[in-house]
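Student: Chains A and B supply the protein sequences, listed in that same order.
Quick note on numbering: the first sequence equals residues -7 to 687 in the working numbering.
Quick note on numbering: the second sequence equals residues 18 to 255 in the working numbering.
Since the hints were made in silico from the structure, they are not lab data.
Be careful, since some hints might not be right.
Only some residues are given here: those of chain B computed to face chain A with a beta carbon under 7 Å [claimed, not checked]: (1) ALA62; (2) VAL64; (3) SER66; (4) SER224.
We put the beta carbon where it would ideally sit given N, CA and C, even for glycine.
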Amino acid sequence: MVVGPSLEELLNSNDQPGPLRSRPSGRELAIFGAVSLVLVVSLAIAPAKNYFSDWRHLQKAYLKLANDRQGGTLVRNFHGGIRQTWIPSLGVVDRCETCHVNQNGALLGSAGQPFRKHPPIPHDLGQFGCVLCHRGQGAATSVEEAHHTTEAWEQPLLPARYLDSSCGQCHLGALPGAPRLNEGRRLLSAMGCVHCHVVAQPDGNVMKPDDNPPPLVHIAEKTSREWIFAWIKNPQAYAASATMPNFQLSDQDAADISAFLIAQSTPSAAVKNAPPTAPSAQPAATANPTEAATLYGSLFCSSCHAVQNAAGNLVGGNFGPELTRVGSKANPDWLRRWLKDPGQYEPDTRMPHYRFDEKQITMLSGFLLAKKDDDLLSKVHLPAANADSVVRGKKLVTESGCAACHQINGVNPPQNFAPDLSRVGSRALSQIVFVPGMKHNVHDYITAKIHDPRSFGPALKMPKFNVTDEQIVALTTALLAQTDRANGLPHELLLSAERKPDYHPGGDAGKLMEDLRCLSCHSINGHGGDMAPDLTREGSSVQRAWLEEFMKNPNTLRPALIRRMPKFNLGPAEIKTISDYILSAYQAPGFDSQTLDAHAMDTDAAARGKQLFYSKYGCQACHIADYKNDKGYVGPALAGVGNRLTPVWMYKWLKDPNALRPGTLMPNLNLKDDEARDLAAFLMTLKAKQNGGAK
Amino acid sequence: MRLQLALLSSALLLPGCSRSSAPKPPAPTAYGIQIAEVSGGKQVAAVGSALPQPVVMQVNGADGNPVAGALVSFRGEGVDFNPAQALSDASGQATAAVRLGSAPGDYQIVAETPKSGGGSAAVTLRETALGYEQKLGSEVNDKYCNRCHDNESTPERVSNFDNLSPAPHLYTDGATYNRISDADLLNIIARGGPALGKSPQMPAYGSTLKPAEIKALISYIRAMADPPYQTPGVKYGK
C-alpha cells in the first residue's frame, strides 16, 4: 500500500490554491514561450525586411558583376545602402540610384536593367534627379512601389512614349529632339482644342488656337442647308482632312442646327457691294476643262489646298480647306464673288486677293464646281425649316459650344466651356471618373478621353476628333507636360516659347500687302507664315529690276519645289509701290555701299571664285551655276543670280548665312574675306540669258 | 541568383505592359516547316513608340507553299506586340503591330511557328529604337544632311543623292561606317569632305551646327549601321 501522496497527487496539488508557487505551470510556460517568440519575430521583421529587400539583392548582384568585369577599384569605391538625391528646390527626393547604380556608366560593357547606363541627355543626371522626367515614386525602396501604382501612391512610371512630356515642364516652346511634345503642342492649337480648354503654361502663356474656323455669319451665301446637315453629321465624309470634330448628332439635331444656321445668316459685304445684276452665268458651260485645270495648276492653288487623287491620297497643302468635293458645297455665285475678293466675305481669311479677270474666274469656278460628289447630298432630304426648329437649333448650337470656334450671329462665345487643362498632367486619380476596366493612371485616362470622349458617358459634350493613334500619343504627351510640379519650378528654369510679335507693314504698301496676304506665307520681322522665304532683309538682298520682274511674273528659284509664288496679276503701280517699300524698309543693318570694294571684283577675282565654287567648296552639289553641267537641285539655282542678288548680300551671305536667315539650310563654310569676295565676283558674272528672272 | 536578376530586370523593363491576363493563344489548325519575313524588319522609331509599319511574317509548308492557320508567336525583350500570337491568314501571313521598349538601341524580334513534326521554326528581325540624342541627330540629319544623303527624293523633300558623284554612302552601310572612328566622323562633318581626303561636295558644318548637334548626328549614324556598330574597347561575354 502506498502511504502519502502519490506522484499524481503531488502534481495535481498545484491546482489547489496555495500561498506561494516556485515553478510555473506548463500552460504558462507555453504562453510565455509564444509571447516571446512573437516579440523576437516582430523585432526581427524590420531588419529582415531590410536584409531581404530588393535593393540589397540588386546591389549584391551589381557588386558581383563589377567584380567579374573590373574587379578591385569599382567594388572598393562602391558605397552600399540607400542612396538618395535630394533637390529641395524641385521637390525631388529620389532613391532610384539605390538600385540603378550604374547610371553614369562606370561599369564597362552592356548591362540589363537596373544596371543599364543612362542614355546621353543634355542634362547632368544629378541636377534634376529621376522622377522629374520618369515619374514614379522617388522615395520608395521596393521595386513594386517605385514603379507601379499602389494603393497609397498613385504615380506609376511614365511609359517611354510619353517621356518628351517631361522636357515640356521647363521647355515651354518647341524643343529639338522632342518631336512628340512639339507635335502635341502644335496639335492642341491646330485641332482647335484650346478654343474650349484653357491650357496655360507656367510662365503665364495661354496657348492659342491656330485652326482658323470660318465665321458662319453669312453662311447662307456660301452653301446650302443640306450641305451643312451632311457636314455636321460627319465632317470627314466631305473632307478627309477636316479638323472639325464629330458631335455625333442625331438627324433631328443636325436638321435643327442647319435650320438655325441658315436663319441667322446675314448678307456679307460681298453681296451688299455687288452690282445689282450680278453675272449668274453658267460657268461650267463656258470653261474648257483642260485649260481650267492648267490654270489651277499654274496658279499653284495646290500650295495651300489639297485634292484627293484617284488613289485616295491627298495632294496639296493643308493651309486652306481641302477642295476634293467643293462643288457639292459652294454656291456658284458665292464662289465667283469669293474668287474675286475673298476679304469681302470673310475679312480675316488667309486667302489672298488675287486680281483675277472675269475669264479666269469663270474657268476656276467651273473647274472647282465640277469637283462634286453626288453621293454626299443625294440622301439628304430635310423637312422645311420652321420657327420651332430654328429655336431648337439655336439652343443646340449654344449648348454644344459651336460659338467657341465659329462666329455666329446671336450666340456669344461661351466662357469656361470645358475643363481647364493647365495642370491636367498632375490630376489626382481620386478626381477622375474612370470607365470600368480602365487602368488607373493619368496618361491612359487622357488617351481614352481623346480617343472616344463619349465612352465616358453619352451625355458628355466633348466631340470626337479625327486623330490617329500617333497623334493621340502626341497630344497626351503635350498635356502630360502640364503639371503641378512645372508650376512650382524656380522661374529661372522655365524657357518660354518664342512669342511672335504682331508686325504689320504700314502705308499704301502695307495695305496692299495685307490685301495680297503676303504674310500668310512670308514672314517679316518675326511675324507671318513659314511657307515662303523670310522677307525681313529682302531689300538688301535683291536688285530692283529683278524684284519688279519677279512680281510681274514669278518664276521659281528652286527647280524641284512644288510650292511656288502665285501670280497675282499686279498692275505696274502696285508693283512699284511694293518694290519701293521692300527696297527701303526691309534693309539689313551694316549693308552699305562701303561694304565691298567694287574694284577688287574684277575678272581675275571671278576666275578665282569659279575655282572655289567648283573645286574647293563643291557648291555644285546643291546649286546650279550652269544648267548644262550642274545638277544641284537642293539650293536655289544660281544661273542668272548676277541679275538677282546684290554683291554685298552675296558677300555677307557667304560669310554667315545663318546671321541673315536664321535656320537656313546653307552651311556656314567659314570663308575668308577674300574667298567670299571672289565667289561673289564669280556669281555676279552669272547673268540671265534673256532679261527676266532666273529660269 | 542570375534567374532572379533576370526576372527582376524584366519586371523593370516592362513597367507599362504588365497585362493582368495574357490572352489565350489561338489554336493552330495547320503547321508549317519554315517561317520568313515578308516586311517590317530594320525599322526605326523613337523609344517606346510603335514602329511605322507592322511586321508581316509568312509560314510555308514542306512544298514551299504558304500555310494558312499556323500559329505565329512574336517575342522580344521589352517589346510589345499586338497580337503577340496570331494564326496565319489565307496567304500564309501573320501580322503584328510592334511597340519598342524604353531603352534606346537594337531590339531583336523573334517570330516563331511550331513545326508539324514537333520543334519549331523561327526567324529574328532587328529593329532600332532612338533615344533623345539619336532623335535629335535624326532631326538635324533630316534638315541638313538628307538633302544629299537620302537615296529617296520626294517632291516635298528633294534629295540630290542621285546627282552626286561620288555619292555618299548610306548610313545603313555599316561595313563602311563602322570602320570610320568617332574622331574621323566628327572631322568630316565639322570640316567637310577634304578633311578626310574626300569630295568637297561634302560641306563643312563646324560653323553651322553646335557641337552637341554634331555629337547627336554621330550617335544617330551609329544607330543606323547594319551590321550594328560595336563600341570599341573592352568587350565582355554574355
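Student: Next, verify each hint and record whether it holds.
Tutor: Quick rundown of the hints versus the structure:
1. Violation of the interface hint for ALA62 (chain B) is found here, the shortest Cβ-Cβ separation to chain A being roughly 10 Å, above the 7 Å cut-off.
2. A distance limit of 7 Å between C-beta atoms decides the matter here; for VAL64 (chain B) the minimum to chain A is near 5 Å, and the interface restraint holds.
3. Because the beta carbon of SER66 (chain B) sits about 6 Å from the nearest beta carbon in chain A, less than 7 Å, this interface hint is met.
4. The beta carbon of SER224 (chain B) is positioned within 7 Å of a beta carbon in chain A (closest approach about 4 Å), and the interface hint is therefore held.
Comparing the model with each numbered hint stated earlier shows that hint 1 is the single one that does not hold.
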